[in-house]
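The residues making up each chain are set out below.
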Amino acid sequence: MNDIVIAVVGLLFTGAAGASVYRIVRGPAILDRMIASDMLVTTVICVLGVEMVYNEHTRTIPIMLVLALVAVFASISVARYVSKQSADIRPAGRSPQARQRPKAKGRVKKR
Amino acid sequence: MSIDMILDVAASVCLILGAAFSLAAGIGLIRFPDALSRMHAATKPQVLGLILVLLAIALSERSWAVLLTLAPILLFQMLTAPVSAHMIGRAAYRAGNVDERYLFTDELDEAIDRAQDQREKEERELSEREQRGRDD
Chain B
-9 MNDIVIAVVG LLFTGAAGAS VYRIVRGPAI LDRMIASDML VTTVICVLGV EMVYNEHTRT
51 IPIMLVLALV AVFASISVAR YVSKQSADIR PAGRSPQARQ RPKAKGRVKK R
Chain Y
13 MSIDMILDVA ASVCLILGAA FSLAAGIGLI RFPDALSRMH AATKPQVLGL ILVLLAIALS
73 ERSWAVLLTL APILLFQMLT APVSAHMIGR AAYRAGNVDE RYLFTDELDE AIDRAQDQRE
133 KEERELSERE QRGRDD
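If you read the sequences in order, they're chains B and Y.
Okay, so the first sequence: first residue is -9 according to our numbering, each after it adds one.
Okay, so the second sequence: first residue is 13 according to our numbering, each after it adds one.
It is possible that part of the hints are untrue.
[To be verified] Not everything, but these chain B residues come out facing chain Y in the computed CB check (under 8 Å):
no., residue
1, Ala(-3)
2, Phe3
3, Ala6
4, Val15
5, Val34
6, Val40
7, Asn45
8, Leu59
9, Val62
[Unchecked claim] Covered by chain Y, according to a simulated footprint, are these stretches of chain B (three or more residues, beta-carbon under 8 Å):
no., stretch
10, 20 to 31
11, 48 to 58
[Stated by the list, open to error] Just the calculated beta-carbon pair ranges, DEER-fashion:
no., chain 1, residue 1, chain 2, residue 2, range
12, Y, Pro94, B, Thr48, 37 to 45 Å
13, Y, Arg131, B, Val15, 39 to 47 Å
14, Y, Ala123, B, Glu46, 20 to 28 Å
15, Y, Arg43, B, Arg70, 25 to 33 Å
16, Y, Gly108, B, Asn45, 20 to 28 Å
17, B, Thr48, Y, Gly108, 42 to 50 Å
18, B, Ile(-6), Y, Leu91, 20 to 28 Å
Since the hints were made in silico from the structure, they are not lab data.
Just so you know, even glycine gets a beta-carbon here, dropped at the ideal spot from N, CA and C.
With the rest of the complex left out, here is chain B (with noise of 0.2 Å):
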């Protein structure tokens, strides 16, 4: 019994790596990349513990707080990064309602 359990969640895990690896090969934009690759060490830190039930040890809970600690500064210098590069690109008024609105003075509004 144990052992079907096992696989019913190494398919399960699998389909969600092999996900994430797909939205970071076709992923449109970089941040989408980064999205999925955070979700990728999530499943990584998720299938160590799967692992240590399994073989009933304890010997990777450091490696799961080492990666629950580190994962999250990759995906914040990438977003520093976007957002230097690509913050003055972004035209004014974009929101429905700001196209809706009575267009300011002076400001041309693009959609």
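We have chain B; now place chain Y onto it with these hints.
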């Protein structure tokens, strides 16, 4: 049916639930259209799935020492996940990765409008004051 067996079954159920959350997040990551909705899908297993997996570890090991070392993992993940989600959402909005057709309202856009109006006004006042200073 002994207590050990019940705890093992509970751990298995937790593992399967956590894995199902991960798979749901993966499907959402593939199917959802833009960065914000993908982020919404991807952050579910980051906390909920991890809680379930850690619960399964605690249920199968059954010792206080293991529980005490598992707590910081969850704590750090819960502390850092909102930070990265905030940064990525902010960058996605600024870089134009947010598809506005899926938004009902965009309050940040109104705030940016107000800030830009305010800044234009202040710049105009500043240049007028400089003009007056030069005239005097």
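Status of the hints after comparison with the structure:
Nearest Cβ of chain Y to the Cβ of Ala(-3) of chain B: about 11 Å, over the 8 Å cut. The hint is violated. Taking 8 Å as the C-beta contact cut-off toward chain Y, the hint placing Phe3 of chain B at the interface holds, the least distance being around 5 Å. Residue-level restraint check for Ala6 of chain B holds (minimum Cβ-Cβ distance to chain Y is 4 Å; threshold 8 Å). A cut of 8 Å between beta carbons decides the hint on Val15 of chain B: the least distance to chain Y is about 11 Å, and the hint is violated.
At its closest, the beta carbon of Val34 of chain B sits 11 Å from a beta carbon of chain Y; the interface hint therefore is violated under the 8 Å criterion. Annotation: interface hint on Val40 of chain B holds; nearest CB of chain Y at approximately 6 Å, less than 8 Å. Restraint check, Asn45 of chain B versus chain Y: the minimum CB separation of about 10 Å is more than 8 Å; hint violated. Restraint check, Leu59 of chain B versus chain Y: the minimum CB separation of about 5 Å is within 8 Å; hint holds.
Interface restraint check for Val62 of chain B: the shortest CB-CB distance to chain Y comes to about 4 Å, inside 8 Å, so the restraint holds. Against chain Y, the stretch 20 to 31 of chain B contributes 7 residues with a C-beta closer than 8 Å to a partner C-beta. That satisfies the three-residue criterion, and the hint holds. Coverage of the stretch 48 to 58 of chain B by chain Y holds [criterion: at least 3 residues with CB-CB distance below 8 Å; count 5]. Between Pro94 of chain Y and Thr48 of chain B the C-beta distance comes to about 28 Å, which lies outside the given range of 37 to 45 Å.
A beta carbon spacing of about 41 Å between Arg131 of chain Y and Val15 of chain B agrees with the range 39 to 47 Å that was offered as a hint. Roughly 53 Å separates the CB atoms of Ala123 of chain Y and Glu46 of chain B, a value that falls outside the hinted 20 to 28 Å. Arg43 of chain Y and Arg70 of chain B have their C-beta atoms about 29 Å apart, which keeps the hinted 25 to 33 Å range intact. In this structure the supplied range 20 to 28 Å is violated for Gly108 of chain Y paired with Asn45 of chain B, their Cβ-Cβ distance being about 47 Å.
Taking the beta carbon of each, Thr48 of chain B and Gly108 of chain Y are about 46 Å apart, inside 42 to 50 Å as hinted. Hint check: Ile(-6) of chain B to Leu91 of chain Y, Cβ distance near 36 Å, so the stated range 20 to 28 Å is violated.
Of the numbered hints given earlier, the model fails hints 1, 4, 5, 7, 12, 14, 16 and 18; all others are met.
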